[in-house]
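**Q** Given chain R, put chains Y and Z in place with the hints provided.
Chains as they are written, first to last, in this note's numbering: chain R, 1 to 278; chain Y, 279 to 563; chain Z, 564 to 965.
I should point out that these hints are in silico values taken from the structure, not numbers from a laboratory. Check each hint, because a few of them may be wrong.
[To be verified] In silico DSSO-like cross-links for lysine-lysine, where the CA-CA straight-line distance does not exceed 27 Å: (1) Y:Lys295 - R:Lys105; (2) R:Lys2 - R:Lys217; (3) Y:Lys473 - Y:Lys552; (4) Y:Lys430 - Z:Lys884; (5) R:Lys105 - R:Lys9; (6) R:Lys2 - R:Lys105.
[As the list claims (entries may be wrong)] Computed beta-carbon distance windows for the label pairs: (7) Z:Pro764 - R:Pro16: 54 to 60 Å; (8) Y:Ser526 - Z:Pro764: 46 to 52 Å; (9) R:Gln163 - Z:Glu935: 18 to 24 Å; (10) R:Asp148 - Y:His475: 21 to 27 Å; (11) Y:Ala296 - Z:Ala579: 31 to 37 Å; (12) Z:Tyr788 - Y:Gly524: 58 to 64 Å; (13) R:Arg237 - Z:Tyr788: 18 to 24 Å.
Only a predicted model underlies this, so the values are computations on that prediction, with no experimental measurement involved. No residue lacks a Cβ here, since even glycine has one placed at the ideal position from N, Cα and C.
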Amino acid sequence: MKPLLSIRKLTKRFGPGCEQCVDESRWGEIDANACPNCGTVWALRGLDLDLFPGEIVGIVGESGAGKTTLVDLLSLAAVPDYGAAHLANWRGGLHSIYSASDQEKRHLSNVHISTVYQDASRGLLMGISSGGNVVERLLASGERCIGDMRARAQYLLDYMELQGLMDVRTGRLSAGMKQRVQIAKALVHRPSVILFDEPTTGLDVSVQARTLDLIRKAQREHGFAALLVTHDWNVLRLLATRALVLKAGRVIERGTVEQLIEDPQAPYSQLLIHSSTT
Amino acid sequence: MTPATSLPYAYLDEFMKACVRKAVLKAVCIPGYQVPYVSEEVPIARGFGSGGLQITLSLIGADDVVKVFDEGDDQTVNAVNLRRFIVDVTSNATTNDPAEATLIQSRHRIPEEGLRLGQILVLQSAFPDALRFFETNEAVARRMHAEADYSKLWLRLYESIVDNHEIMIGGRYPVLINGRYVLDPTHVPRWDLPKLHDCSGIVLFGAGREKRIYAIPPHSRVEPLGFTDHPFRVERFEGAACHLCGSSHSFLTQFWRDDGSPAWVCSDSNWCEKQRAALVQEANA
Amino acid sequence: MGYSVVRGGERAMREAEGLIDAFRKGLVHPERDDLSAPQPEAIEGGLRFAVYKVMSEAGIYAPRLAAIAIQQAEGDLMEAAFLLRAFRACLPRWGTTLPADTAEMRAIRRISAAFKEVPGGQFLGPTRDYTVRLLKEALQSGSNQQAGGVELAADPDLQQLPAAMPKVADVLRRCGLVAPLPDSSENAPIHDITMRPMRFPRPARSARLQALARGETGALTALAYSSLRGYGHVHPTIAELRVGFVPVRVIHPELGEEVSIGEILLTECESIATGVGMISSHNTKCGPQFELGYGASFGQNETKAIAMSVLDANLSQPQAKGPADDQEFVLYHIDGVESSGFVDHLKLPHYMLFTSILDRVNAAAEAQAAAESGNLPASGADTVTSAKVRLMGSVVSKEVGS
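The shape of chain R in the complex, shown without the other chains (with noise of 0.2 Å):
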C-alpha cells in the first residue's frame, strides 16, 4: 500500500546552528533540544513517517519533544529548515506540501490536512455560530448555496452530537462541545489527514470519553487518516494503532502501540510508559 502522507527529515530549528549540532551522523548521541555549543534549539530532528491510509499514528514525548512544531509544520502553519512532506492526493504526490504558495497552502490546511486543536480558540472564531465556523471552509472554497451549506453543517454538528447548536455563538459552548465544532469543521470536506492535537487534554473525564467514542466513531465512518499527538497513553489505546516516541526533537522509538506499552525498549519510553500509567 502506498503512504498517504510521506514525510522525509522534517526538521526545524531555532537559530543559525554549527558544525557541532548540525552533523546529523551525531544525532543520536544528543538528548537535549539546546546545542551546548551554539544554543540552536532543535525542536525537531529529521523525523521520518509514513502515514497510510486510515490509520491513526500516534506521537508521544514530554513537552519540548517536538510535538507542537511537528504539528505546526502539518498544519503548514510553520515550515521546516530542512526535510518534505509529500500528500498522495495532492498534486499526485510529486511536491512536497513546503513547495505550495500561500494560496495552496491555505486551499491544502482547509481541503486536505484538517488540524483539532486543544486551545479551540486557535481552530474556531468565539464570535461566530457553530455553524458559521464549519460553513466557513465550504465558503472558502467557493460553496455560495446557503441552504446546501446549512444542510452539510446540521448533518456534521449533529453528527457530533450538537444538535440545535448551530447558530449558537461558538463562545457560548462548553469546552467539550467547542472540541466537537472542530471536529465537524475538520471533517467537512472529508479530508485525508486530520491532525489531532491533544484534542481532549483538559477535559472533564466523561466529556473526555464522549469526544474519544465521537473521533473513533467519525474515523471508523469517513475514513480519514489521523496523526494523534497526547501525552496519554489510555488515549493512545484507545484510537490509535501505531505509535512514535519524540525526545528533544527526535524520534527514539516506534512501533504498534501495544508493543511500546507492554514492552518499551527505550529507557525514555519506559520512564513515559510507567508515569503515566501508574
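**A** Same frame as chain R, but now just chains Y and Z:
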C-alpha cells in the same frame, strides 16, 4: 514669507499631481487594488472629499466640464463649496447635467442615468477597505486581499442571514471586481451598484484621509456579493413615487412634510428636473 | 415644503462666512465695547504656546504665519494647524537642511530625571512646573514690563547657560547602557511621509517619528498616558529634556559650503524605556541595554515631546500589549487634521446611507414576520425570535417590534 496670493492652475503643485496621476494609473491597471499615495492637505477638510478633490484637480484639463454633486444633489452645501473652489482655481465650465460633464465628482451617488464612454466619475471614499469593518489591522487585511482570501467576509454575510434572514449591509456594500478584488464602493446606495457593472465610464475612488486610490475601469465585471439562494438586493420603494416628478423607478429619499406626513423625492436632483421638464414638454405637445 | 431646507445653497454659505467674519472681529457681543480681536503681533507675542502647538502640528516653523492662522481660526488651534498645513502643502521645496545637532543647542532649559548631576548641569529655565496655579486677575491689565515683576536682564543665571551641552543619551551610550547610534552617513535615507506614503506593518522609524512629530498634542498625550497607566509597555525615565535654539544649516547651492540660515526653538526629549512594573532591558552581547525613545517638537511643547518619546519607545516593542504599542493604532489616529476633519464630516448629510439602512431593517422585519408565520423556512433556529436587528459594519440596531 506671506501666504501665496496667485495659485497655480488646479491648485496642486506638479509633484502632487504627478503622485496622484501615477496612483490613478496604477489603480486602473489593477482594478480594485487600493493604491497608497501621498495625500497632502488641500483646503477642504478631511472627510469632506479631500481625496476626490485631489483626483479631480490632478486630472482636470482646460476642456473638462465639471459636475460636482453630493448625495445626488448639486446644490447641497458641500457640493457648492467644492464646485466653487474648483472653479476658483481652474475657471473650468461646470454643469449640473451629467450628460454634459466629462469629469464628475460625487459623494454617495452615481448619476441616475449612469455613465457614458469618456466620462470619469470620481467618488469620495471614506473607507477604502471593504474588510475594515471586521479586520482593522491593515497588514492582515492587505494579505487577505493579496491572496483573495475573502472567506471571513463571506462568513459575516452568512451570519447576517442566519441572524436576520437578510444581508444586513446598508451602504458600503462590498462588490467583487473582475472576480479578483473585493472593493468598497463607498456609501452609494445598493441601487447604484448594478450601474457599475460593465460601465462605460471610468470610476475612480479617492480616500484622501486614508491615502488610497482605487478604480473600476470601463467594462469591468462588478458583482455585489450574494448567495445563490440569498442574492444581493437593491433598495425597494414599493408603491413610492417622487412627489415632484412622479418617478417610481429612481432612487428615492424619504422626507416629512410640514404636516408630518411622509413623502418621497428623487435623490438625483438633476435627473428629477429632467423628468419634470419631459413631463412639461409632453403636456405642451 | 420641507425638502428645500436641506439644500443650503450658495447664499446661505455666503451668509455663514459673513457671520464668521463678524464674530472674528469681536462682534459676538456688539453691546460690549471692551472686547477686541487680537492682531497677529499680539498672538505671536503673547500666546506663544498656541503658536508653538500650531507650528508643530502643521509641520512648519513659521511663527508669524501660525499667528495669522490662529487669528483667522479665532483660537481654534486644530483649525489653525489645518490652515497652516494646507498652506505648507503648496510650498515649493527648495532643499533639505542638514541634520540639526541638538548637542549644540543654545538651551534655555535643560533637565534630567535620571541623574541628579549631568554634564553641563541642569537648568530649570522658563517653566510653570513648580508654580502655584492660582488665577491671577492682576495679569489682565498688565503690560509686558510689569507682567511677572521680573527684570529678565537682572537674572544672572540666564547668561551663564553654556553654549553647548553634551547629551545625556551620549553619556549613556558611552557607559554601554544604551545601544550606540547606527552608522548614519549624512545620506541615510529619510522617509518623508509628505512625499511617500507610509506602509504597515513596519514603517521606517523616520516615517514614524515624522508622523508623531506632526501629531495632535492631546492625542499623543492621551496615548502616552495610557501606556504609563499600564495599557502599554513603557513607563519611561526622562534621560533629558531640553528646550532651546538650534541652528538650521544648509549647503549653500553655489558655494557648496555649510551655512547657517537662522535658528529655531525646539523641545527635545529622550526617554529611557524602562517598563511598566518591570525593568525592560534587552540582553545583548554588551550586556543589558535600554531602548531610548525620542521626541521633538517645534517651539516649547514639553508635554508633546515627552509623549512622543514615550510612544516612540512603545512602538519599538515587538509585541503589542496595549493600543499605545500598536503602530497602526497610534500612527493612524494621532493626526489632528485628519481626526477632527473626519469627526466633523458626520455633520454632512448621510441620507443615502440612512435610506439604505431603513430598507434593510424593514426587510429583516418582514422576513422575521414571515418566518414566524411559517411562510419562510426558519434558517436561524434560535435567533428567529430575536427582536433586534444587527446591521453589519454599523452601530445601528433597531427594535423591530415584538
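**Q** Each hint should be assessed against the structure and marked as holding or not.
**A** Hint by hint, here is what the structure shows:
1. Y:Lys295 - R:Lys105: Violated, because 41 Å separates the two Cα atoms, which is more than 27 Å.
2. R:Lys2 - R:Lys217: holds (24 Å)
3. Y:Lys473 - Y:Lys552: holds (19 Å)
4. Y:Lys430 - Z:Lys884: Given that 27 Å is the threshold and the Cα spacing comes to 25 Å, the pair holds.
5. R:Lys105 - R:Lys9: Holds, at about 20 Å.
6. R:Lys2 - R:Lys105: Holds, because 23 Å separates the two Cα atoms, which is no more than 27 Å.
7. Z:Pro764 - R:Pro16: 54 to 60 Å: violated (25 Å)
8. Y:Ser526 - Z:Pro764: 46 to 52 Å: holds (50 Å)
9. R:Gln163 - Z:Glu935: 18 to 24 Å: Since Gln163 (chain R) and Glu935 (chain Z) have Cβ atoms about 22 Å apart, the given range 18 to 24 Å holds.
10. R:Asp148 - Y:His475: 21 to 27 Å: Distance hint for Asp148 (chain R), His475 (chain Y) holds at roughly 26 Å.
11. Y:Ala296 - Z:Ala579: 31 to 37 Å: holds (35 Å)
12. Z:Tyr788 - Y:Gly524: 58 to 64 Å: Since Tyr788 (chain Z) and Gly524 (chain Y) have Cβ atoms about 59 Å apart, the given range 58 to 64 Å holds.
13. R:Arg237 - Z:Tyr788: 18 to 24 Å: Once the Cβ atoms are compared, 57 Å apart, the range 18 to 24 Å for Tyr788 (chain Z) and Arg237 (chain R) is violated.
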